[in-house]
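K.L.:
Here are the chains, one letter per residue:
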Amino acid sequence: DQQVKQNSPSLSVQEGRISILNCDYTNSMFDYFLWYKKYPAEGPTFLISISSIKDKNEDGRFTVFLNKSAKHLSLHIVPSQPGDSAVYFCAATSGTYKYIFGTGTRLKVLA
Amino acid sequence: NAGVTQTPKFRILKIGQSMTLQCTQDMNHNYMYWYRQDPGMGLKLIYYSVGAGITDKGEVPNGYNVSRSTTEDFPLRLELAAPSQTSVYFCASSYSVGGNSPLHFGNGTRLTVT
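Each protein sequence line maps, in turn, to chains A and B. Its first residue numbered 105, the first sequence is counted upward by one per residue in my numbering. Its first residue numbered 68, the second sequence is counted upward by one per residue in my numbering.
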């Protein structure tokens, strides 16, 4: 039972354009959603999060949108830069120690 | 600050051998976790700890053991290694739980069991 799904294994975007990474979830008890970024041979690093009581959170070039009725969230990166090339994981939690991770989307930003 | 430090970075084990993956954090975080990541999969929780002396099982604990004698250290023990334990292992810590307290990860240990 995959409660958090990232259906696109990979995405390529031209430098300067918008990258949109998507994530779907099934458990309506999740109260926080997080995005992590992972470079090869490194651990995931926290990027941005959103509470379930909000529908948008912005931090510089990164914006996360939450659509609770569709159980869908997306991460927008504008403008995309070559250094953004990494694997992005979506994660969800319901206020406990338990974080459920998606399988990741590999973003490649083309110079 | 070093954050979360894991050793070793790589290890090859023969079936039936045992080893300990080391994890230490210098952020004075109460919560520590061990995850494994298999190719094409998300991170799966093996064990977690809410403080020194307290540990509990996650989603995939079979074949592993942990201890938490200090706030800083959270070693993961593999007994009788099996090929199914070939994976990348990540240790993480957090100040608290929930979305307001994101996980801080180490750089991982890539383990191959042959």
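Quick caveat, the hints were computed from the structure, so don't treat them as lab data. Check before you lean on any hint, since a few could be wrong.
[To be verified] If you want a taste of the chain B side facing chain A, the calculated C-beta under 8 Å gives, among others:
id : residue
1  : Y98
2  : G107
3  : Y115
4  : A119
5  : F157
6  : F172
7  : G175
8  : L178
[Said to hold, decoys possible] Listed next, the in silico DSSO-like pairs over lysine-lysine satisfying Cα-Cα at most 30 Å (straight line):
id : chain 1 : residue 1 : chain 2 : residue 2
9  : A       : K158      : A       : K172
10 : A       : K202      : A       : K160
11 : A       : K160      : A       : K175
12 : B       : K111      : A       : K141
13 : A       : K160      : B       : K111
14 : A       : K141      : B       : K76
15 : B       : K124      : A       : K141
16 : A       : K141      : A       : K109
[Stated by the list, open to error] Computed footprint of chain B on chain A; a stretch qualifies when at least three of its residues, placed anywhere within it, have a C-beta under 8 Å from a C-beta of chain B:
id : region
17 : 114–124
18 : 133–139
19 : 199–205
Glycine included, every Cβ here is placed at the ideal spot set by N, Cα and C.
K.L.:
Looking at the structure, which of the earlier hints fail to hold?
P.N.:
Violated hints: 4, 8 and 17; rest satisfied.
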